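*Asks:* Please construct the entire structure, taking both the sequences and the accompanying hints into account.
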Amino acid sequence: MAASALAANAPLRPARAPPKAYWVGIAAAGLVAPVYSVTLALRVGQVSEVQLGLLEWISVPYILVGLIAWFRRPDSRLGLLMIAGGFAMGLSTLQFEHQNHLYTIGALFDIVPAALFLHVFLAFPDGRLSSRLERALVGAAYASAIGLQLAKLTLGAGSPDNLLTISTQTGAAGVVEKVQLLSLSAILLAGVGILTNRQRHGGRPRRPSIALLIDSFALGLLLAATLFVVANFDALSPAFLPVQRVTLVVIGLSPLVFLIGLLDARLARSAVGELMVELRPNLAPADLRDALARALRDPSATLAYWLPAFQRYVDLEGRPVEVPDRDGRATTLIDRDGVHVAALLHDGALDEERDLLDGVTAAAGIALENARLQAELQARLEELRGSRARVIAEGQKERQRLERNLHDGAQQRLIALSLELSLLEQRLTTDPEAQARLDLARQEIALSLEELRDVARGIHPAVLSGHGLEVALESIVAQAPLPVRLRIELDGRLQEPLEVAAYYVVSESLANIGKHAQATAATVEVGRKRKQIVVEVVDNGIGGADTESGTGLRGLADRVESLGGRLLIWTPTGGGTRVRAEIPCA
Amino acid sequence: MRVAIAEDAVLLREGLSRLLGEEGFDVVGQCGNADELLLKVRSYPLDVVIVDIRLPPTYSDEGLRAALEIRKRHPAVGVLVLSQYVEVGLAMKLLADSAEGVGYLLKDRISDVEDFLSALRRIAGGGSVVDPIIVSTLLSRRRSDDPLERLTPREREVLVLMAEGSSNQGIADRLVITVRAVEKYVSSIFGKLGLPSTGTESRRVLAVLAFLRA
Chain U
1 MAASALAANA PLRPARAPPK AYWVGIAAAG LVAPVYSVTL ALRVGQVSEV
51 QLGLLEWISV PYILVGLIAW FRRPDSRLGL LMIAGGFAMG LSTLQFEHQN
101 HLYTIGALFD IVPAALFLHV FLAFPDGRLS SRLERALVGA AYASAIGLQL
151 AKLTLGAGSP DNLLTISTQT GAAGVVEKVQ LLSLSAILLA GVGILTNRQR
201 HGGRPRRPSI ALLIDSFALG LLLAATLFVV ANFDALSPAF LPVQRVTLVV
251 IGLSPLVFLI GLLDARLARS AVGELMVELR PNLAPADLRD ALARALRDPS
301 ATLAYWLPAF QRYVDLEGRP VEVPDRDGRA TTLIDRDGVH VAALLHDGAL
351 DEERDLLDGV TAAAGIALEN ARLQAELQAR LEELRGSRAR VIAEGQKERQ
401 RLERNLHDGA QQRLIALSLE LSLLEQRLTT DPEAQARLDL ARQEIALSLE
451 ELRDVARGIH PAVLSGHGLE VALESIVAQA PLPVRLRIEL DGRLQEPLEV
501 AAYYVVSESL ANIGKHAQAT AATVEVGRKR KQIVVEVVDN GIGGADTESG
551 TGLRGLADRV ESLGGRLLIW TPTGGGTRVR AEIPCA
Chain V
1 MRVAIAEDAV LLREGLSRLL GEEGFDVVGQ CGNADELLLK VRSYPLDVVI
51 VDIRLPPTYS DEGLRAALEI RKRHPAVGVL VLSQYVEVGL AMKLLADSAE
101 GVGYLLKDRI SDVEDFLSAL RRIAGGGSVV DPIIVSTLLS RRRSDDPLER
151 LTPREREVLV LMAEGSSNQG IADRLVITVR AVEKYVSSIF GKLGLPSTGT
201 ESRRVLAVLA FLRA
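Line by line, the protein sequences are chains U and V. Numbered by the numbering used here, the letters in the first sequence go through residues 1 to 586 in order. Numbered by the numbering used here, the letters in the second sequence go through residues 1 to 214 in order.
Just so you know, these hints were derived from the structure itself, not from any lab. Note that the structure is a prediction, hence the values are computed from the model and not measured. There may be inaccurate statements among the hints.
Within a straight-line C-alpha distance of at most 25 Å, the following computed SDA-like cross-link-like pairs (lysine to any residue) qualify [claimed, not checked]:
no. : chain 1 : residue 1 : chain 2 : residue 2
1   : U       : K397      : U       : R487
2   : V       : K93       : V       : T178
3   : U       : K515      : V       : R213
4   : U       : K178      : U       : I166
5   : V       : K93       : U       : E403
6   : V       : K93       : U       : E383
7   : V       : K93       : U       : G492
8   : U       : K397      : U       : E383
9   : V       : K192      : U       : K531
10  : V       : K93       : U       : I166
11  : V       : K72       : U       : G492
12  : U       : K515      : V       : P57
13  : U       : K397      : V       : Y59
14  : V       : K93       : U       : K531
15  : U       : K515      : V       : R143
16  : V       : K40       : V       : Q30
17  : V       : K93       : U       : K515
18  : V       : K184      : V       : P153
19  : U       : K515      : V       : S140
20  : U       : K531      : U       : A480
21  : V       : K93       : U       : D491
22  : V       : K93       : U       : G458
23  : V       : K93       : U       : R493
24  : U       : K397      : V       : T58
25  : U       : K515      : V       : K72
26  : U       : K531      : U       : G492
27  : V       : K72       : U       : Q495
28  : V       : K72       : U       : R493
29  : U       : K529      : U       : A586
30  : V       : K93       : U       : Q479
31  : V       : K93       : U       : R487
32  : V       : K93       : U       : P497
33  : V       : K93       : U       : Q495
34  : U       : K515      : V       : S60
35  : U       : K397      : V       : S60
36  : U       : K397      : V       : D146
37  : V       : K192      : U       : P483
38  : V       : K93       : U       : K178
39  : U       : K178      : U       : G127
40  : V       : K93       : U       : I488
*Replies:* This is the structure:
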């Protein structure tokens with residue numbers, strides 16, 4: 001079994017973990033940075049330890065957590081971006097050096113970390129910028145942080161150690177700096193807007209650790225934007241330092257929250273083990289979803305089973321389910337032995353935990369296949385039920401149409417014809433023979449009408465459509481071959497298919513009683529019990545009715561079941577027969 | 001005698017109207033639906049209306065509802081309901097409150113012109129008419145310990161005619177016996193069935209039908 005993401009971000013071939021030389025080098029460099037900073041602080045003397053400490057507070061965690069992220073998901077650029085952010089931060093501390101080259105490098109990197117952090121935050125979780133707007137924003141941030149910085153330095157900004165100075169134009173450098181700080185501030189605020197907008201449309205992540213992480217991103221960007229605005233107006237103001245420190249603290253928090261998220265995911269992964277225990281061989285398919293939701297820590301998780309025969313997804317009851325194939329972030333397709341089995345619909349944040357998803361879906365293996373089979377069975381039953389209901393409803397409509405045609409056509413004409421003959425008969429007072437023959441003809445017509453009436457009634461009892469169950473049943477009971485006690489407790493008319501089904505249950509049962517039961521009395525009861533119409537026909541005959549052969553009872557069961565009801569028959573030998581239909585009724 | 005007819009089958013309506021015209025009835029109005037009939041009943045002083053039980057627009061119970069409405073609002077107007085099928089339950093609905101000036105017949109009966117016209121006159125005069133099929137259905141109904149078995153064949157004949165709405169005179173004419181003899185049969189029948197004597201002939205119809213139906 002393998003899980004694969006629907007979305008385009010699923011790699012065809014997983015990237016490999018970083019080579020040893022790389023990560024050892026990066027880790028070593030990352031650890032050298034704080035040592036270097038401390039010596040720098042001791043050597044230079046005039047840099048505050050707090051300031052340097054805060055810079056390391058950001059650069060070291062970003063490098064180390066970036067390494068972890070790179071290991072976890074080598075195919076994602078996020079880890080590399082974090083490492084880059086950490087190093088850029090570290091390099092920017094070089095501006096405290098007095099040595100020309102080192103100072104110039106540090107000054108060049110002064111603002112770069114802001115652009116890199118924006119990039120990291122917007123590229124979370126998969127390391128990719130998902131929209132043109134985001135790419136443009138990040139591009140503009142780099143242009144401002146590197147391009148304008150370069151321009152500023154060539155105009156002689158910063159200390160005299162600046163090696164890039166071409167000609168010192170203090171005024172022009174000041175203007176460039178204003179543009180740089182304000183534009184960056186605006187770009188970072190736009191980044192905050194994108195993050196909040198994502199939450200508004202995509203919903204807040206259900207995993208608390210992820211939600212917290214996104215919040216720390218937004219807060220960090222907001223503070224950085226504030227910092228740039230303050231710096232723009234007065235870098236020497238007493239407000240600058242506190243704002244700068246708070247900003248650095250918050251930005252440095254992000255990798256920690258990221259770590260907590262990873263830890264949370266590890267905890268979740270241990271749930272795979274619990275899931276294995278829960279998935280006993282006889283786990284009811286209905287409980288599978290709950291078990292998966294628990295293991296994934298995502299109460300919103302649902303399963304949709306793929307039915308190749310229907311080319312659609314269904315739930316456990318066989319009802320069609322829409323699986324969004326565009327919003328792939330929240331959908332994991334589950335295959336088994338190369339055959340697609342189901343789709344797991346889950347919180348988008350879980351896409352970051354592909355191995356957890358893989359583990360859970362793999363553990364669910366057999367249980368999932370069982371559940372899919374059940375869903376397929378239900379879907380087929382549902383389809384069958386639907387087509388049976390359609391066949392019966394169509395048949396009923398056709399019968400009603402036939403009866404109407406007979407009533408409006410042949411029967412009316414015969415009655416009119418009979419009337420015409422009798423008017424004629426009255427005029428032929430002088431010809432008794434003709435009168436007698438006309439009278440005979442009228443009697444023939446009367447017989448035909450009687451036969452037609454029986455035929456029409458057999459096709460469809462018009463009295464039922466016209467006047468309801470109570471009136472229609474009264475006639476059946478009156479004509480029954482044995483004494484029948486009729487009790488109907490209904491408030492008004494029922495839906496037509498229900499009335500027709502109840503009518504046939506009674507008429508067919510009474511006919512059966514007359515033919516086979518040797519009963520001396522019967523009762524017919526029709527009533528509403530909770531949300532059901534219950535029709536019960538009971539006799540005191542010999543019981544032991546044959547419920548298998550013959551189409552009568554089968555046909556009744558079809559009618560009742562097509563309305564979602566059921567037909568029950570008790571017929572103990574010597575103990576009478578009880579036929580009970582229960583039909584749901586809104 | 002002033003009559004209105006509500007029947008949607010034109011051929012039949014025309015035939016009926018012609019028959020009644022020739023027999024000296026004044027056919028004040030003929031129409032194809034229940035609303036028009038109700039309008040005519042409100043507009044003209046009528047003695048009797050003939051109404052098809054199955055009328056547009058839905059061909060379900062429009063005719064019956066119109067008949068019940070006329071019985072309620074215009075008790076002086078006799079109502080004859082015609083139908084291509086007759087049902088015990090419908091007869092009971094129609095006669096629920098009183099059997100005075102009401103009739104329920106199979107449509108086929110129209111062509112037995114003499115019987116039909118006399119039924120119509122009886123209804124116009126406040127009497128009752130119940131289709132023989134209803135009565136025979138009720139009579140053939142199976143009962144445990146059937147009290148009808150205690151009746152003589154002659155008494156059974158009288159019972160049937162009573163249930164169909166015949167007056168004592170009508171029964172006497174039909175069976176070619178004296179009215180006094182009919183009265184004797186009637187009181188004997190009521191005694192055997194344990195029915196209280198009811199006075200008017202239309203009340204008698206209800207009592208007998210209710211007994212047979214129970």
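*Asks:* Run through the hints listed earlier and report the numbers of any the structure violates, in increasing order.
*Replies:* 1, 2, 6, 9, 10, 12, 14, 17, 20, 25, 27, 34, 36, 38 and 39
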